[in-house]
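Going down the list, the sequences are from chains A and B.
Following my numbering, the numbering of the first sequence begins with 1 at its first residue and continues without gaps.
Following my numbering, the numbering of the second sequence begins with 226 at its first residue and continues without gaps.
Honestly, the hints are just simulated from the structure, not real lab data.
Bear in mind that the values here come from a model prediction, so they are computed numbers and not experimental data.
Take the hints with a grain of salt, since some may be wrong.
[Unchecked claim] Only part of the chain A face toward chain B is listed, based on derived beta-carbon distances under 7 angstroms:
id : residue
1  : 160
2  : 173
3  : 175
[Unchecked claim] In silico SDA-like cross-links for lysine to any residue, where the CA-CA straight-line distance does not exceed 25 angstroms:
id : chain 1 : residue 1 : chain 2 : residue 2
4  : B       : 371       : A       : 87
5  : A       : 72        : B       : 381
6  : A       : 72        : A       : 114
7  : B       : 369       : A       : 88
8  : B       : 371       : A       : 81
9  : B       : 369       : A       : 163
10 : B       : 371       : A       : 78
11 : A       : 72        : B       : 365
12 : B       : 371       : B       : 353
13 : A       : 13        : A       : 90
14 : B       : 301       : B       : 367
15 : A       : 93        : B       : 301
16 : A       : 13        : A       : 79
17 : B       : 371       : A       : 223
18 : A       : 72        : B       : 367
19 : B       : 371       : A       : 168
20 : A       : 93        : B       : 371
21 : B       : 369       : A       : 217
22 : B       : 371       : A       : 85
23 : A       : 72        : A       : 34
24 : B       : 301       : B       : 363
25 : B       : 301       : A       : 90
26 : B       : 371       : A       : 86
27 : B       : 369       : A       : 221
28 : A       : 93        : B       : 296
A virtual CB, placed ideally from N, CA and C, is assigned to each residue, including glycine.
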Amino acid sequence: MHFFNVIKWIAWKDLLSELRNRENISSMFFFALIVILIFSFSFSLDPKTTHELMPGIIWIAFGFTGIIGLGKSFLAEVHNDCMEYFQIVPAPKGAIYLGKFSGNVLFMLIVEIILFPLFILFFNLDVLEKIPIILLIFVAATIGLSALGTLFSALTVQIRAREVMFPILLLPMAVPIFIGAVEATRGVFSGDPLPMYVDWIKLLVVFDGIFMVVSFWVFEFILDY
Amino acid sequence: MVISRLIARLQRYEGWFGVAAGLLIMVGLYMGLVTSSPDYYQGEVVRIMYIHVPAAQSAMFAYTVLFGGSIWYLWKRDPIVDNMSHAAAGIGVFFTLIALITGSIWAKPTWNTWWTWDPRLISFTIMLLILVGYLMLRTFLEDKEKEATYGAILAIVGFVDLPIIHFSVEWWRTLHQPLSISTRGVSIASDMLIPLLLMSIGFYLLFTYMLMVRTQMLYLERLLEAKRGRMLSKVHV
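Based on the sequences and whatever the hints tell you, model everything.
Structure (structure tokens):
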């Protein structure tokens, strides 16, 4: 099968099955909503502290949401005994990884885009004219998180302590994404000009590249067993 | 299998590594704690360095062994090399913990805080978390070959991640706050350098000794499990 066709069909399959049962997106969405609500009544924020704390709060919420969603990304395959089919299908294994990864990026972005207006609402953020750059940061950070998350999901999905191991492996490795995303978001919120925080976005992009390449390469070894 | 043969040959002299490590560390400790002079700026606190620096070096060495062994395993599928990587991870946790704890004790009188956003501190802590995650992941997998493969994958991704973490934290600091703490660029007096060198070599030898013993232990454990499995299957048949 052609490389890009495999990516397309796997992503399409995930999207379709998600549309039918809405299991992942709805659990991600409600989890993140609860996190936002807890934060909104834990801190009574004045505008200055909001700008200081918000980037961290946003990325904590998105990071935990990612754990919920990404951790489940190979679960359907295991439940339906499809991992074996992934192993024997005559398609490049890297393409399977990229297909799963594309689906994950899509789900996480959908959830983030639905949730961000709620952040604006609950915390009185004043960032409407900066939406494009915020979206860019979201996309860059989500790609990095999903690249790692898809790999570790495949790594942990078949072991006993799946729910515990996934965040234990993902969170330490995702430190540079969180640093980059939080710092870039902080730059946007505090109204700095773009050149002051563009380096963080570059860091995210470089990180995305490195992790996609490494995961793409090692994914083959996961499916071999 | 080049590496297996090398390990087997080294294991013949395993005891000597232990003896040499013990001697060097004893002499180094004596010189470091008794005969060397206290630091001009830091006073007696500097003596923690004689444990801290060698421990940190050995920890990084352990992680490098783990990384090299993991790549080699994915390439050649040599189970002895996997035992070695597994052993290196466990010993790495030990040395990383020593480095972090002694560093924290040193930081309190010198920087007046137990903990700070220093790139080395963060990347070392992350290294500890990755090593612990590696060991945990391995305990949760039943199939030996799967265990080795998954462990190797995790170690490789983590090793690629470490420099990024280091530099992003360093960047974070340099972009946002003036450098208040820098690693000392002071040249070391010879009565401090000699014990430090002795301790470093001693710790490397200690690491090698521990690695040999632990690799052997893991090999024997695996052998025992295989035998038990065979006996069980006989009973059931």
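Okay, the hints, checked on the actual structure:
no.	hint	verdict
1	160	holds, 5 angstroms
2	173	holds, 5 angstroms
3	175	holds, 5 angstroms
4	B/371 with A/87	holds, 14 angstroms
5	A/72 with B/381	holds, 23 angstroms
6	A/72 with A/114	holds, 20 angstroms
7	B/369 with A/88	holds, 21 angstroms
8	B/371 with A/81	holds, 18 angstroms
9	B/369 with A/163	holds, 21 angstroms
10	B/371 with A/78	holds, 16 angstroms
11	A/72 with B/365	holds, 18 angstroms
12	B/371 with B/353	holds, 23 angstroms
13	A/13 with A/90	holds, 17 angstroms
14	B/301 with B/367	holds, 21 angstroms
15	A/93 with B/301	holds, 20 angstroms
16	A/13 with A/79	holds, 15 angstroms
17	B/371 with A/223	holds, 10 angstroms
18	A/72 with B/367	holds, 21 angstroms
19	B/371 with A/168	holds, 19 angstroms
20	A/93 with B/371	holds, 17 angstroms
21	B/369 with A/217	holds, 22 angstroms
22	B/371 with A/85	holds, 18 angstroms
23	A/72 with A/34	holds, 19 angstroms
24	B/301 with B/363	holds, 20 angstroms
25	B/301 with A/90	holds, 24 angstroms
26	B/371 with A/86	holds, 16 angstroms
27	B/369 with A/221	holds, 14 angstroms
28	A/93 with B/296	holds, 19 angstroms
Violation of the numbered hints given earlier is absent; every hint is satisfied by the structure.
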